[in-house]
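Chemist: Sequence:
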Amino acid sequence: MTIRGLGRYNLSAGTFENLSNTFTGSFVQAIEFDHNNVLYAGGSFSQIGGITTANIAKRDTTGAWSIVGSTGGTSGTVNDLKRGLDGNIYCAGPVSIDGVTVTRLGKYTVSIATWSTLGTGLNGATTAIAFDAAGNLYATGAFTTAGGVSANRIAKWNGTNWSPLGSGLNNDGVDIAVSPGGTVSVIGTFTTVGGLTTIDGLGFWNGTQWNASDVDFPNTVISIDYAYNNSDLYISYNAPVGAVNAAAVNVLTNVGQARTFPQFRFVGPGTPIAITNYTTGKAIHFTNLTL
24 MTIRGLGRYN LSAGTFENLS NTFTGSFVQA IEFDHNNVLY AGGSFSQIGG ITTANIAKRD
84 TTGAWSIVGS TGGTSGTVND LKRGLDGNIY CAGPVSIDGV TVTRLGKYTV SIATWSTLGT
144 GLNGATTAIA FDAAGNLYAT GAFTTAGGVS ANRIAKWNGT NWSPLGSGLN NDGVDIAVSP
204 GGTVSVIGTF TTVGGLTTID GLGFWNGTQW NASDVDFPNT VISIDYAYNN SDLYISYNAP
264 VGAVNAAAVN VLTNVGQART FPQFRFVGPG TPIAITNYTT GKAIHFTNLT L
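Sequential numbering of the sequence shown, starting at 24, is according to my numbering.
Hints are computed from structural coordinates only; laboratory data are not their basis.
Ideal Cβ placement from N, Cα and C applies to all residues, glycine included.
Warning: the hint list may mix true and false statements.
As a list, the in silico SDA-like pairs of lysine to any residue whose alpha-carbon atoms are at most 25 Å apart [to be verified]:
#1 Lys-305 - Thr-276
#2 Lys-179 - Thr-124
#3 Lys-179 - Val-123
#4 Lys-305 - Asn-252
#5 Lys-105 - Val-123
#6 Lys-105 - Ser-69
#7 Lys-179 - Asn-111
#8 Lys-179 - Thr-168
#9 Lys-105 - Pro-187
#10 Lys-305 - Ala-281
#11 Lys-105 - Lys-305
#12 Lys-179 - Asn-242
#13 Lys-105 - Ala-36
Distance ranges between label pairs, derived from CB positions [said to hold, decoys possible]:
#14 Thr-299 - Gly-279: 19 to 27 Å
#15 Thr-84 - Tyr-257: 24 to 32 Å
#16 Gly-99 - Asn-277: 21 to 29 Å
#17 Gly-48 - Thr-167: 28 to 36 Å
#18 Asn-41 - Thr-167: 39 to 47 Å
#19 Asn-33 - Pro-295: 49 to 57 Å
#20 Val-172 - Asn-41: 42 to 50 Å
#21 Asn-242 - Ser-35: 32 to 40 Å
#22 Ala-87 - Phe-39: 38 to 46 Å
#23 Gly-99 - Asn-252: 51 to 59 Å
All chains, full assembly: derive it from the sequences and hints.
Modeler: Written out as structure tokens, the structure reads:
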């Protein structure tokens, strides 16, 4: 079967179904459902399911496609779509949607079919968004301010205001996910997160501070997500084969009460990542140190 833009896998029949009998454009980048099971599709296209629209459309439970809003369409590619705890649809990417200036991140209020901005928006590209269990929205991309507040490529919206996540990322974020427990994971082209060196652009925010990943992937990490009911993190990367290497951890425990002044000696081959004091959380990180 030829899938034009968007397809569905029928679990009971074990077959794929075409959801858009016509499609003109480059790709569908993101999909999401609202609380009425209406499907929203966003990406880079000018026609889908028999209707003309710019980059975004919705499909109801009868299979009919329609524009999203009063006139429909966005000023640019839709990078991500997510449903918030309020039941509304949030769209990342365009500067304007349905004629409304949203500045890279807009909210579609389903009950009144209108778009609005989140504060004054973001000053650069927004590639991905995610929600935590409390309804806070996290965004990542290439921006350096959010709602007029300095925020290096990652920020949090609490429904009223924007705030940064520490010192953020030193380069662009690509994808973001939040665990059921509230850990924010982000991937991208950055080499430091919260000032900490990370091997392959993967970092974790626990609500108060950053932790850098010490996992080495064989190629660029392109997508992440958490399992629905636990904190298992799934990561995809752009390589057909290759080993994923994680650092080994050796723990030294002072069982006495006297002050100690340990000396460390590294014997190669290997790549030291960091020395961490698990009591204080302080760490010494090594950058590109190969033995």
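Chemist: Quickly compare the C-alpha distance for Lys-179 and Thr-124 to 25 Å and report which way the hint goes.
Modeler: 20 Å, holds
Chemist: Check the following: the C-beta atoms of Asn-41 and Thr-167 are separated by a distance inside 39 to 47 Å.
Modeler: Between Asn-41 and Thr-167, where Cβ atoms are some 42 Å apart, the hint holds.
Chemist: Run the distance test for Lys-105 versus Pro-187: straight-line Cα separation, threshold 25 Å.
Modeler: 20 Å, holds
Chemist: Does the Cβ pair Asn-242, Ser-35 satisfy 32 to 40 Å?
Modeler: The hint (32 to 40 Å, Cβ to Cβ) holds, given that Asn-242 and Ser-35 are roughly 37 Å apart.
Chemist: Is 21 to 29 Å respected by the C-beta to C-beta distance linking Gly-99 and Asn-277?
Modeler: 56 Å, violated
Chemist: Lying within 24 to 32 Å: is that true of the beta-carbon distance Thr-84 to Tyr-257?
Modeler: This hint holds: roughly 29 Å between Cβ atoms.
Chemist: Checking one constraint from the list: CA of Lys-105 to CA of Val-123, max 25 Å. Satisfied?
Modeler: Holds. Lys-105 to Val-123 sits at ~19 Å (cutoff 25 Å).
Chemist: Holds or violated: the 51 to 59 Å window for the beta-carbon distance between Gly-99 and Asn-252?
Modeler: Violated, at about 35 Å.
Chemist: Quick one, are Lys-179 and Asn-242 close enough, alpha carbons at most 25 Å?
Modeler: With Cα atoms ~29 Å apart, Lys-179 and Asn-242 exceed 25 Å; violated.
Chemist: For the hint 49 to 57 Å, verify it against the beta carbon of Asn-33 and that of Pro-295.
Modeler: With a Cβ separation near 51 Å, Asn-33 and Pro-295 satisfy 49 to 57 Å, so the hint holds.
Chemist: Regarding the pair Lys-305 and Thr-276, is the alpha-carbon distance no greater than 25 Å?
Modeler: It holds: about 16 Å lies between the C-alpha atoms, which stays within 25 Å.
Chemist: So the hint says 19 to 27 Å: do the beta-carbon atoms of Thr-299 and Gly-279 match that?
Modeler: 20 Å, holds
Going through the hint list in order, the structure does not satisfy hints 4, 11, 12, 13, 16, 22, 23.
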